[in-house]
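With chain A's structure known, arrange chain X on it following the hints.
Just so you know, the protein sequences line up as chains A and X, in that order.
Its first residue numbered 53, the first sequence is counted upward by one per residue in my numbering.
Its first residue numbered 53, the second sequence is counted upward by one per residue in my numbering.
It is worth saying that the hints were derived from the structure and are not from the lab.
Please note: incorrect hints may appear among the correct ones.
Same chains, same label: a pair holds when it works inside one copy or across any pair of copies.
[To be verified] Derived lysine to aspartate or glutamate pairs resembling DMTMM-like cross-links, with alpha carbons at most 20 Å apart:
(1) K375 / E419
(2) K92 / E342
(3) K420 / E387
(4) K418 / D454
(5) K92 / E338
All of these numbers come straight from a predicted model, not from anything done at the bench.
Below are the chains, spelled out letter by letter.
2 protein chains.
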Amino acid sequence: MPSANASRKGPEKPREIVDAAEDYAKERYGISSMIQSQEKPDRVLVRVKDLTVQKADDVVWVRARVHTSRAKGKQCFLVLRQQQFNVQALVAVGDHASKQMVKFAAKGRRISVSLRPARATDEFQDRLQSYTEKPCLKKQKKKQTKKKIVETRNSLTCLVFRLISLDFDAVLQTSTSQAIFRLQSGICHLFRETLINKGFVEIQTPKIISAASEGGANVFTVSYFKNNAYLAQSPQLYKQMCICADFEKVFCIGPVFRAEDSNTHRHLTEFVGLDIEMAFNYHYHEVVEEIADTLVQIFKGLQERFQTEIQTVSKQFPCEPFKFLEPTLRLEYCEALAMLREAGVEMGDEEDLSTPNEKLLGRLVKEKYDTDFYVLDKYPLAVRPFYTMPDPRNPKHSNSYDMFMRGEEILSGAQRIHDPQLLTERALHHGIDLEKIKAYIDSFRFGAPPHAGGGIGLERVTMLFLGLHNVRQTSMFPRDPKRLTP
Amino acid sequence: MPSANASRKGPEKPREIVDAAEDYAKERYGISSMIQSQEKPDRVLVRVKDLTVQKADDVVWVRARVHTSRAKGKQCFLVLRQQQFNVQALVAVGDHASKQMVKFAAKGRRISVSLRPARATDEFQDRLQSYTEKPCLKKQKKKQTKKKIVETRNSLTCLVFRLISLDFDAVLQTSTSQAIFRLQSGICHLFRETLINKGFVEIQTPKIISAASEGGANVFTVSYFKNNAYLAQSPQLYKQMCICADFEKVFCIGPVFRAEDSNTHRHLTEFVGLDIEMAFNYHYHEVVEEIADTLVQIFKGLQERFQTEIQTVSKQFPCEPFKFLEPTLRLEYCEALAMLREAGVEMGDEEDLSTPNEKLLGRLVKEKYDTDFYVLDKYPLAVRPFYTMPDPRNPKHSNSYDMFMRGEEILSGAQRIHDPQLLTERALHHGIDLEKIKAYIDSFRFGAPPHAGGGIGLERVTMLFLGLHNVRQTSMFPRDPKRLTP
Numbered sequence: 053m054p055s056a057n058a059s060r061k062g063p064e065k066p067r068e069i070v071d072a073a074e075d076y077a078k079e080r081y082g083i084s085s086m087i088q089s090q091e092k093p094d095r096v097l098v099r100v101k102d103l104t105v106q107k108a109d110d111v112v113w114v115r116a117r118v119h120t121s122r123a124k125g126k127q128c129f130l131v132l133r134q135q136q137f138n139v140q141a142l143v144a145v146g147d148h149a150s151k152q153m154v155k156f157a158a159k160g161r162r163i164s165v166s167l168r169p170a171r172a173t174d175e176f177q178d179r180l181q182s183y184t185e186k187p188c189l190k191k192q193k194k195k196q197t198k199k200k201i202v203e204t205r206n207s208l209t210c211l212v213f214r215l216i217s218l219d220f221d222a223v224l225q226t227s228t229s230q231a232i233f234r235l236q237s238g239i240c241h242l243f244r245e246t247l248i249n250k251g252f253v254e255i256q257t258p259k260i261i262s263a264a265s266e267g268g269a270n271v272f273t274v275s276y277f278k279n280n281a282y283l284a285q286s287p288q289l290y291k292q293m294c295i296c297a298d299f300e301k302v303f304c305i306g307p308v309f310r311a312e313d314s315n316t317h318r319h320l321t322e323f324v325g326l327d328i329e330m331a332f333n334y335h336y337h338e339v340v341e342e343i344a345d346t347l348v349q350i351f352k353g354l355q356e357r358f359q360t361e362i363q364t365v366s367k368q369f370p371c372e373p374f375k376f377l378e379p380t381l382r383l384e385y386c387e388a389l390a391m392l393r394e395a396g397v398e399m400g401d402e403e404d405l406s407t408p409n410e411k412l413l414g415r416l417v418k419e420k421y422d423t424d425f426y427v428l429d430k431y432p433l434a435v436r437p438f439y440t441m442p443d444p445r446n447p448k449h450s451n452s453y454d455m456f457m458r459g460e461e462i463l464s465g466a467q468r469i470h471d472p473q474l475l476t477e478r479a480l481h482h483g484i485d486l487e488k489i490k491a492y493i494d495s496f497r498f499g500a501p502p503h504a505g506g507g508i509g510l511e512r513v514t515m516l517f518l519g520l521h522n523v524r525q526t527s528m529f530p531r532d533p534k535r536l537t538p
Numbered sequence: 053m054p055s056a057n058a059s060r061k062g063p064e065k066p067r068e069i070v071d072a073a074e075d076y077a078k079e080r081y082g083i084s085s086m087i088q089s090q091e092k093p094d095r096v097l098v099r100v101k102d103l104t105v106q107k108a109d110d111v112v113w114v115r116a117r118v119h120t121s122r123a124k125g126k127q128c129f130l131v132l133r134q135q136q137f138n139v140q141a142l143v144a145v146g147d148h149a150s151k152q153m154v155k156f157a158a159k160g161r162r163i164s165v166s167l168r169p170a171r172a173t174d175e176f177q178d179r180l181q182s183y184t185e186k187p188c189l190k191k192q193k194k195k196q197t198k199k200k201i202v203e204t205r206n207s208l209t210c211l212v213f214r215l216i217s218l219d220f221d222a223v224l225q226t227s228t229s230q231a232i233f234r235l236q237s238g239i240c241h242l243f244r245e246t247l248i249n250k251g252f253v254e255i256q257t258p259k260i261i262s263a264a265s266e267g268g269a270n271v272f273t274v275s276y277f278k279n280n281a282y283l284a285q286s287p288q289l290y291k292q293m294c295i296c297a298d299f300e301k302v303f304c305i306g307p308v309f310r311a312e313d314s315n316t317h318r319h320l321t322e323f324v325g326l327d328i329e330m331a332f333n334y335h336y337h338e339v340v341e342e343i344a345d346t347l348v349q350i351f352k353g354l355q356e357r358f359q360t361e362i363q364t365v366s367k368q369f370p371c372e373p374f375k376f377l378e379p380t381l382r383l384e385y386c387e388a389l390a391m392l393r394e395a396g397v398e399m400g401d402e403e404d405l406s407t408p409n410e411k412l413l414g415r416l417v418k419e420k421y422d423t424d425f426y427v428l429d430k431y432p433l434a435v436r437p438f439y440t441m442p443d444p445r446n447p448k449h450s451n452s453y454d455m456f457m458r459g460e461e462i463l464s465g466a467q468r469i470h471d472p473q474l475l476t477e478r479a480l481h482h483g484i485d486l487e488k489i490k491a492y493i494d495s496f497r498f499g500a501p502p503h504a505g506g507g508i509g510l511e512r513v514t515m516l517f518l519g520l521h522n523v524r525q526t527s528m529f530p531r532d533p534k535r536l537t538p
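The following block holds chain A by itself, in its conformation from the complex (with noise of 0.2 Å):
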């Protein structure tokens, strides 16, 4: 392969004597052998988003996927992509470029290419000069992957495209899921930065567990040598037995599996599970107030470090900005329950709140207090698990509480239990077998503090940032009941 130097001093040729047996640009474009690491040139190649006006005169190698390719004449325009940006190339029959040069660029091929930049616009234009590499793209999957991820009843239908979405969409689509997953990264990211630095320990906890850790109900099976073994459901149970052995502050991020056939737009059978645990000294508010700025460094964090990822999503997907206060807004059941009434929702004090109920007062906190994240505190202990801790001041309630982004639940946490007296007194109530949550009695039995936490759901927490509608959309590879693949 000529160097690009050396081809803009190849011999000119006059125009009229090209012909298909003479193609004097022929040693400047071509299908390239696969890399197999043989050999380790000195070629740069220059990033798409790096071409700069500073660079437009010199010659650049680029390795880029074709977005389109569209011949008109002696002429091809092509548009490279890299990732979610583009620039756009042409070749046209000159000095440089010969007539079944452009008929090969008109293919659309995964290219390398030697550009020279003459205009610095968003969307860059020069003569492609040379280039090779592997044919990629079949007309007919090509045609496939122009199906947009539209947010309808059908919409599930496309997420068998995926992977081509995330490769070979048009450009909106490309660039909406490359944004998508690199926002989710950094809530991951956010949120494990912002624990460490508050002292937290990151732990793992087993996915193979040996009984169904919350009652049998909704857990997978799984084959374990001989016999048979479970999927965990939450880390809760580990979480606690790292705050009995002393490690006060514990986060982990994981797998977490609900055999739950419930085929709606918030619901996986497999989803990542941000969770936290936390010894606290006399109030689980202590607990409450770390989750929530937990939160809250992390919707900073995004709307700083991520804009052009917000601002790509909501190209495709308009959505206001995430509204939050500092502090978080902490509202009592009551309250709401008040709110709700005032709206003319009819309910009981000891009620739970259906999904519609939540949505509504999820849009009247939005109005009263002009915030899209706020803490429900004070849940009827009737409608949390045994664990929960009663509140001392009013035994129909109880220690636990929710988190709501726009209107959904994200994470919903409680005091648990500590004393292993009460917590066998609690169970019984609720009719559980105590044979089989022994061990999880037991763990208290030798002595553990007072302690709060919460799981949080990722692709939920990515979704309602972004305002978008399917957590399908948040999941790279989404599992549900009838998905398994890819």
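What follows is chain X alone, placed relative to chain A:
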């Protein structure tokens, strides 16, 4: 409960009138009620590690475990523990403490104490003025927990005491466990910090998959609604799909499942994988260098930020500090063969390294190059998986590598074949049913950049960095063919 100041001003009584009936200190100790988040008191709890000489004249409150209590005549010595930090306290019959109070102290309970530091030494000693809180330690349990985690063939039985060990063991065990898992948290943090700085994106890959990813052996089966599914043996396919989707540099941290009936010091059925995949320009050594540098950054970070933990572990498990070079030593397989042959080992050119030979090689490399960490490159093609890219210069070699710490493998990786035609040929050569890996091969048909990667075992890195000898010491809740609890 009287405040600390109040208790100091309490009435003084002559010692001779103290008797069983009259306890002039009774308001200064006892069992407190369960903390149910009743109130938010102003009381500040001081951390044991913060009891410095500057606090010598303060009366402070501490909440800690009783590590040991030793009564001797009219006084009781308590060692109070908070995570890895201890302070010694003295309760002596006198103005503030009664005979009954000393007796109560001798029982050993989880306590809050108000201390006035008197001497500032490692073992802080002072008059215990008042203490309360829940009882927690039963004699019988305490006895059990004094077992040491000793590294012998029988050490595995000690793991059933893991929770207790994390919490209640004698000081060495406790500090060791705390230190091991704090350092492990640091490895994850440094891994991600380094890769995010290098422009990598964190991805989340599914653990429930529809087909066994590596041929079907050693895979756990899951009941998935009315069908069967499997637990992922590695995120490799998903990492590669992200590369095909132009993410360019990705990593993930998550559980990896192997249904191998291996009962060795370094095998677990569930472990944590630190996985990397990266597109490169011309040579897979670009990726090898990135991975090796990531590990070097982890080693440096641990030695800079976790010196206390390293020292703590080495008190119980003495070990030479971990040594590494910059840049990392990269040996070719044939060089390693020559070193082993010179040391008397008989091996064929295309034979894999046995575990004893890996360890021997580690010692030879340490002697010759003074490093505990190195890359072994260019493995024989015959001993690597079908998707490994052959070496372009020698068809019996491959573009694959392992990385070693103290003579044990911690990472296995390779340039992957990104050309569907060559991949098909290699699969056929290995006698693999093409139907079963169709989706894998098809994922390269849309055009894939050349790429390489590898997977690191977190528990192994922790074990070998600290010079430990069983991977169960570095897994908080280890899983092996015979262990599913806690």
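Quick rundown of the hints versus the structure:
no.: 1; hint: K375 / E419; result: within (12 Å within a copy, 60 Å between copies)
no.: 2; hint: K92 / E342; result: between (50 Å within a copy, 16 Å between copies)
no.: 3; hint: K420 / E387; result: within (13 Å within a copy, 73 Å between copies)
no.: 4; hint: K418 / D454; result: within (17 Å within a copy, 55 Å between copies)
no.: 5; hint: K92 / E338; result: between (56 Å within a copy, 9 Å between copies)
Of the numbered hints listed earlier, not one is contradicted by the structure.
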